[in-house]
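Residue numbers (the numbering used here), protein chains in the order written: chain A, 1 to 249; chain B, 250 to 498; chain C, 499 to 747; chain D, 748 to 996; chain E, 997 to 1245; chain F, 1246 to 1494; chain G, 1495 to 1743; chain H, 1744 to 1992.
Any given hint could turn out to be false.
Below 30 Å or equal to it, Euclidean Cα-Cα: the simulated DSS-like pairs (lysine-lysine) are [stated by the list, open to error]: (1) B:K263 - F:K1259; (2) E:K1078 - F:K1327; (3) E:K1010 - H:K1757; (4) C:K660 - B:K411; (5) B:K305 - H:K1825; (6) C:K512 - G:K1508; (7) F:K1407 - E:K1010; (8) G:K1576 - H:K1757; (9) D:K761 - B:K411; (10) F:K1259 - A:K162; (11) D:K909 - G:K1656; (12) A:K56 - C:K580; (13) C:K660 - A:K63; (14) G:K1568 - G:K1557; (15) C:K589 - C:K561; (16) G:K1508 - D:K909; (17) G:K1656 - H:K1799; (18) E:K1052 - F:K1327; (19) A:K14 - C:K660; (20) D:K909 - G:K1557; (21) H:K1825 - B:K263; (22) F:K1301 - A:K162; (23) G:K1576 - H:K1799; (24) H:K1757 - B:K305; (25) B:K331 - D:K803; (26) B:K312 - H:K1905; (27) F:K1259 - E:K1059.
Listed next, the stretches of chain D that the computed footprint assigns to chain B, with coverage defined by at least 3 CB atoms under 8 Å from CB atoms of chain B [said to hold, decoys possible]: (28) 953 to 961; (29) 972 to 980.
Quick caveat, the hints were computed from the structure, so don't treat them as lab data.
Just so it is clear, CB atoms sit at the ideal spot from N, CA and C, and this is done for glycine as well.
Number of protein chains: 8
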Amino acid sequence: MKTIDILQAVQAGKLTPQEAELKLKMQPYQDIGFAKIDHHRALRQGVQEVIYGASKTAEQILKIAQAMDAHGDKNILITRMKPEAAELVGKKLDLFYDPLSKIGIVNREFIDTGDGYIAVISGGTGDQPVSEEAALTAEALGNRVERVYDVGVAGLHRLFAKLDVIMGARVVIVVAGMEGALPSVIGGLVDTPVIAVPTSVGYGASLGGISALLTMLNSCASGVSVVNIDNGFGAGFIASRINHMGGSK
Amino acid sequence: MKTIDILQAVQAGKLTPQEAELKLKMQPYQDIGFAKIDHHRALRQGVQEVIYGASKTAEQILKIAQAMDAHGDKNILITRMKPEAAELVGKKLDLFYDPLSKIGIVNREFIDTGDGYIAVISGGTGDQPVSEEAALTAEALGNRVERVYDVGVAGLHRLFAKLDVIMGARVVIVVAGMEGALPSVIGGLVDTPVIAVPTSVGYGASLGGISALLTMLNSCASGVSVVNIDNGFGAGFIASRINHMGGSK
Amino acid sequence: MKTIDILQAVQAGKLTPQEAELKLKMQPYQDIGFAKIDHHRALRQGVQEVIYGASKTAEQILKIAQAMDAHGDKNILITRMKPEAAELVGKKLDLFYDPLSKIGIVNREFIDTGDGYIAVISGGTGDQPVSEEAALTAEALGNRVERVYDVGVAGLHRLFAKLDVIMGARVVIVVAGMEGALPSVIGGLVDTPVIAVPTSVGYGASLGGISALLTMLNSCASGVSVVNIDNGFGAGFIASRINHMGGSK
Amino acid sequence: MKTIDILQAVQAGKLTPQEAELKLKMQPYQDIGFAKIDHHRALRQGVQEVIYGASKTAEQILKIAQAMDAHGDKNILITRMKPEAAELVGKKLDLFYDPLSKIGIVNREFIDTGDGYIAVISGGTGDQPVSEEAALTAEALGNRVERVYDVGVAGLHRLFAKLDVIMGARVVIVVAGMEGALPSVIGGLVDTPVIAVPTSVGYGASLGGISALLTMLNSCASGVSVVNIDNGFGAGFIASRINHMGGSK
Amino acid sequence: MKTIDILQAVQAGKLTPQEAELKLKMQPYQDIGFAKIDHHRALRQGVQEVIYGASKTAEQILKIAQAMDAHGDKNILITRMKPEAAELVGKKLDLFYDPLSKIGIVNREFIDTGDGYIAVISGGTGDQPVSEEAALTAEALGNRVERVYDVGVAGLHRLFAKLDVIMGARVVIVVAGMEGALPSVIGGLVDTPVIAVPTSVGYGASLGGISALLTMLNSCASGVSVVNIDNGFGAGFIASRINHMGGSK
Amino acid sequence: MKTIDILQAVQAGKLTPQEAELKLKMQPYQDIGFAKIDHHRALRQGVQEVIYGASKTAEQILKIAQAMDAHGDKNILITRMKPEAAELVGKKLDLFYDPLSKIGIVNREFIDTGDGYIAVISGGTGDQPVSEEAALTAEALGNRVERVYDVGVAGLHRLFAKLDVIMGARVVIVVAGMEGALPSVIGGLVDTPVIAVPTSVGYGASLGGISALLTMLNSCASGVSVVNIDNGFGAGFIASRINHMGGSK
Amino acid sequence: MKTIDILQAVQAGKLTPQEAELKLKMQPYQDIGFAKIDHHRALRQGVQEVIYGASKTAEQILKIAQAMDAHGDKNILITRMKPEAAELVGKKLDLFYDPLSKIGIVNREFIDTGDGYIAVISGGTGDQPVSEEAALTAEALGNRVERVYDVGVAGLHRLFAKLDVIMGARVVIVVAGMEGALPSVIGGLVDTPVIAVPTSVGYGASLGGISALLTMLNSCASGVSVVNIDNGFGAGFIASRINHMGGSK
Amino acid sequence: MKTIDILQAVQAGKLTPQEAELKLKMQPYQDIGFAKIDHHRALRQGVQEVIYGASKTAEQILKIAQAMDAHGDKNILITRMKPEAAELVGKKLDLFYDPLSKIGIVNREFIDTGDGYIAVISGGTGDQPVSEEAALTAEALGNRVERVYDVGVAGLHRLFAKLDVIMGARVVIVVAGMEGALPSVIGGLVDTPVIAVPTSVGYGASLGGISALLTMLNSCASGVSVVNIDNGFGAGFIASRINHMGGSK
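If we strip away everything but chain A, and leave its shape as in the complex, we get (with noise of 0.2 Å):
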């Protein structure tokens, strides 16, 4: 209900100043007429609800998702999922469970909503739970995603070897930890946005990601812009958004 209608319900008498003004308070600020986040919370809730793991019991997470079951939910998203709570999870729903990246999704189906395909590209196989991180959120979200691992700038050939699946892409996902060069040199080669996602993969003076972070915020290639330090989560929720706008390349 905006506010125009629940104004205009207190000029035909159907609402009381009182009752209005109580409205207002309890349906919280989208009753300023913000119908479009309303819209998009339906939206978004009609995809999917994210359910963040990392500080929640088995029991809550599977009660969140029963509850979205019960909506009839599909590909409901579970991050940072212990293994426990996916073995509970997966007792009484039909759970799909990454144990590397800690990947959750109930009522898994794919569904490709987006305008072109995700590539994820990542320089070492220690960075890979990060990048599965990054890649079933981004399926989860509606998109087909594109794989290129082990691809490191330490061995250009097989980063060359990829060029194509690479530069076809409509947004592109980097995951580098250790020195972090990856997605500079992916950004000169690529005219799509990029996500640089830095991974606490290394050891001596990594200073457990700050470095790669460091590296990619320094980027002298332009088009890249950084998550936090293993939040593959968050690169491929922008990557979604930026794949769903609408169009094609």
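Position chains B, C, D, E, F, G and H relative to chain A; hints supplied.
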């Protein structure tokens, strides 16, 4: 000349293998069939070539700009242009120059080739140089820009009065210094990609923008990615890419 | 015994100068006339003595608590109390224990001696341990507390639905991890002192709470002061002091 | 005009729903019933509006100050005011200007509306600019201020000679650079809120105030909260809020 | 055998130049006339050889200690000795072991060869392991030690009650974690060298002792020098050196 | 097959241009004439392929090692090999395993193909794991290695007793933790390249090796370059490269 | 007047208790019997009062120095004295001024009241300002000083040529920038206390002296304690204290 | 004069033991038989002595250079030479001076005594001062240098066009600021030692070169070692050492 053409020329006897090898070397890696890159560079140069003014002398900038002007280029963008460079270039060419953001544009012409408009939002008056760098960059790259300035999180009512402009944008750039909290708030309101730009505005423990940068990387709102401190140009460039992907919201 | 009393005893011949000098030494600096301190300690002990549980064994905690209990103390506050200490103390004394915040209170009794109430606001579910440390501390120190949890800046409508509770408080404690932006938003809404508590919740570049700490220190909202990372106790203690200054809002 | 008034005007036919909706939008979120904010802003503006001089030109400062002066405002506070701005404003208005703290006050008038007095304590002569920023801010906001300067921890006797002034205050601001230990010592002596302000005074590993900031955050004394490095204004503002809560110690 | 002796032996025909050269090589650089070093080593070994237990196995420690015991050494000091090593050594030798500081002393014997006594002062109970490492080290090296524990800056009266003990010492070791302010206060009270030891005690922004370290380095009190975080051994060693320089205060 | 060969095959009609293009794509960028790389890879694989054990399972390591063994490879180097992997591989293949440095070598065979020998110098016993990683790496890559351990800067005579070994080396690797001063001292003594390896050995402000790293980067001795913290492998690899450049000192 | 005297005056009827209490308050905590402090201050002032020139105007410095000169003081030490202050003071008083270290000494007179001499050792020419600050401070405080400059670790032979001077000192101050390794080497050679002073000399990752500071804190040599970056005065002051403890080596 | 000679002189009665001892002291530790060092110094001085200009006055530089010139030295290298020093020296001696890198060379003469050539590669125009410092240093030390400038990772085709020059080098110096990714890419292409030099070029989170430094230390390519930020001289020096080891690739 593509690889296949070179090879056919060899087959046809028009090139000796030695001449062909030289050609392959001289026309870098594009020769191996990465026509897209070449094409994309051509396209990009067709719109404009960016001149990074920071490490160039006034004379160098002038020379490049004149060469581009001779090719009939419009909206020749010059970043971090010092006033003395602007003075020299302004005498010879049709230069727009904003001393605040140090952006110069030769043969400026408003062309809107984007899919929607880009909103550039900033928190305080001190953030304006970086905001304008982003806004003018985006305009020079063919985007319509809506500026929403001085709407910091400590006075949410000012932000809310502009919500329809913000929510109607195809991409949102949020520029903020000090505590850098604005992108998180915006990210919770819109469903479009948010590019966050930390600025070095602040004092004490703002650490030259590091504090704002960390805030943005840790944003609890999904859909926010970050560029380097004070990198208004980078944000405008990325936003333009997204706004030129085709399709409408 | 105050300095003036000692001196008069000397004058009266009841004490030799040597005895008096010893007395002055033995009763530390309060003896020199700082009656207020003495008085204040007496008053404070009347309410309760705080037991810092972190560096004490279960037995040590029990012994102190029993001594205080023998004096008839109520609301004996124990911070950072490990479960094993709680188990031991709980067997001998009437202990309230919250395993989340690790706060223990012996002889808990709700006493409201404050001038108004304290609002404890937190951004995410992960911040709850620290929030409860603040809330339970404040309650044990004689304050009424209103909890407003899970109202992060990325979902302002939830925050707004609680605005009257927040704005009616005499002091506001804001607990937030990750990007730590909540105090800035709250600080712009209320006209009461805001105590900001950064938490170590987050990952990647949250740097164990440093990121949130910096955000809060750089808050563009006036009226915000900050305590150490995860220091819920400190925030509750300060808020209680302010809420016990006398007068009503 | 409150929300309820707008709604009643609609019911009474004095406003069409469309006009009402516009009003609701134009008068930001205060319109939804948050009268307190409005009231508080009115009150605050009645006392004074703070002009942050750091990012404003001399002319801008003059214009704002003149507008406020035209409304009959007293104690118009200008922070971080550069000497050249002071020179310009001083020619047109009745300006008090302290070049050390860079605080300017137009139409200065000592008004004491506080519940008690605020003590501003500092450790070394180098801390005086920040101390005065705090003290003059508090005075301009209607507080009586007692200055206790040059009482560093390395000479406790000087501090002790002033203990009654310190202990009689309603709020204590402690300004210290270098090792920043003073707030811990003060915090152990008083039972009032202590606002600690680290300064950038020092050299070597003082790291521009970071060292003092860390010391204060880690204070072992309860009751100490901290503001940003060199933020004398913030400390004075918070102290004033606490000193205006009503009641007497 | 000193250089001059070797040379005289050559002159006297008791050594060929070749034999002399070999001798000069075999007895490292002391051979060039640095008899003092040799002498000092001899003297030091006479008192005891320190065994750094951190990177040695229980067996290695035992073997070294037994060799020293066979030479009749007293007060054989073992630092960072793990409980399992203590158990093994304790079975074979007369071992004193303090599990808190992880200091082990074989053939302990109180010998006071110092010029005065060393005061070891600490702020909180959590600092005791490091304090004891310093105190036991100093004792093993032949010093009388006075312990003054639990006298933090937030309760100066406890510190003052012990002032004569502190001021009578020949060297003062001050151990403090959290904000690390104690050495500054002590440094302002005494006229003897103060060795400050930061500890890793604390949480939040204490940064594992870095905060206390910075405080101590920035001490405004003259006469304070600093050793590494948690380095109680180093402080005890230096204090012993100063206390063995000869002469009395 | 080199580019020129492919082109000649086209000219000779043995390959169609299409087949040739495919070949060029399949054999990455080496196909464009970078025969050296190819050659060097061939050579390198002839000596051995390095298996990074850190992010591989025991099974993965075994599989790769078996494949290499089947090709008759000697000195198959496995870094950061966990004991459980060593146990598995040791059952199937002829494995040398050093649990300290976690280096495994399958089909170990001492081959000296270098121009001289490499000296590996370390300061303390705690640095031995990294030192051995460097030494065993260098040996597996065909170098003679001289180990000079436990010669820290605080006991120069031990270092001097080994000076001829150090000065006779063709390349010197210096491994040091704590203060990391050893490379500066060595760098002032020798005229060969010095590779410095900081280790994470130390405590307190050693910051996990950052302190030693900074020391080495700031070395006042010319001729010192640095690798990452604990990166013994990298140092051994670089030293081997230099020792295989041909020629003798 | 000591506490006991005051008390006896009360007993004798020469003071009323009220007058006595006032006296006790006015003569801070020394009144409680800490005669040593008083004595020590008297003594210290007898030698000289240090004037910290950094935060004082030329006029302020002059006034203090003149007052001290009027009392017949010798060796009035002024640190961080700017040239313009030196010029002013030099016109009125007998001033020695070293522009390099910015040390000024009024009524300079070489007095040797120490137990031995102090060696000031530095690594590079760039360290000389700080070295001289230490040396001149020590001299002004009544010590004989031996300077051993330009003996960095990268050229040990220069250091060794001076070993007898170094080893004969009662206290050693070691000043070093860049990698700061010198104190570790010296600490391994001497058996006297070593005061290490990091300097801000260096570039790149020397981080304004932080790198040298960390090196010194992590020194593997026992007997080394550290003062703040560039704090030559502090080192000279501490060394003087140790050199005035009485007795001879 | 070697140790053995001194000893024989004693035996022969040509030196008294006292005279011999003095000689041994005066001719530092080389006297004990480390003839190689002496020899190496002689050799090195034969080529040139490096004058560090940063901390020397123009007059000091001139004096040293003149003394060396009087000995007939060629290629006298002066680093970090300020323009005013260059002006003075240029008047008296035959000086080559590059104002960009601040390298001065007296009696410059191209001599190629190396085993191959050194490639100096840099990413951006802003890196040129450091690149030239490296290149001119290497040339002055007797190496042929090939410059490959402006080949950043964001435009790989420019790099590839120069691959044969890069791959033919005996040693490679890679200079890069901003994200510092270039050495990783180069390190993956060549089989020669790579010396990486981070530069302080960049802004925002480049942290004065720390970001590039960390990237390089974390390089995933083997064979890369690193020198300090902006230390072009150090890189040139090391590269020269390697290029003078004898033998050819």
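* Are K1259 (chain F) and K1059 (chain E) close enough, with their CA atoms no more than 30 Å apart? -> Measuring from Cα to Cα gives roughly 76 Å; hence the hint is violated.
* Asked: Straight-line Cα separation of K305 (chain B) and K1825 (chain H) no greater than 30 Å?
  -> Since the Cα atoms of K305 (chain B) and K1825 (chain H) sit roughly 22 Å apart, the hinted pair holds (cutoff 30 Å).
* **K660 (chain C) paired with K411 (chain B) [C-alpha distance capped at 30 Å]** => It holds: about 23 Å lies between the C-alpha atoms, which stays within 30 Å.
* **K1407 (chain F) paired with K1010 (chain E) [C-alpha distance capped at 30 Å]** => Given pair K1407 (chain F), K1010 (chain E) holds - Cα atoms ~28 Å apart, limit 30 Å.
* To do: With a cut-off of 30 Å on the C-alpha distance, tell me whether K589 (chain C) and K561 (chain C) pass.
  => Between K589 (chain C) and K561 (chain C) the Cα gap is close to 13 Å, so the pair holds against 30 Å.
* Asked: Do the alpha carbons of K1259 (chain F) and K162 (chain A) lie within 30 Å of each other, as the hint requires?
  -> holds, 27 Å
* Asked: Taken at face value, is the distance from the CA of K1557 (chain G) to the CA of K1568 (chain G) at most 30 Å?
  -> holds, 16 Å
* Given the proposed pairing of K14 (chain A) with K660 (chain C), does the C-alpha separation stay at or below 30 Å? -> holds, 27 Å
* Straight-line alpha-carbon gap K1010 (chain E) to K1757 (chain H), limit 30 Å -> holds, 18 Å
* Sort out whether K305 (chain B) lies within 30 Å of K1757 (chain H), counting only the CA atoms. => violated, 69 Å
* Please work out if K761 (chain D) and K411 (chain B) have their alpha carbons no farther apart than 30 Å. => The hint holds at about 27 Å.
* Asked: Is the straight-line distance between the alpha-carbon of K1825 (chain H) and that of K263 (chain B) 30 Å or less?
  -> violated, 58 Å
Checked against the numbered hints above, the structure violates hints 8, 11, 21, 24, 27; every other hint is satisfied.
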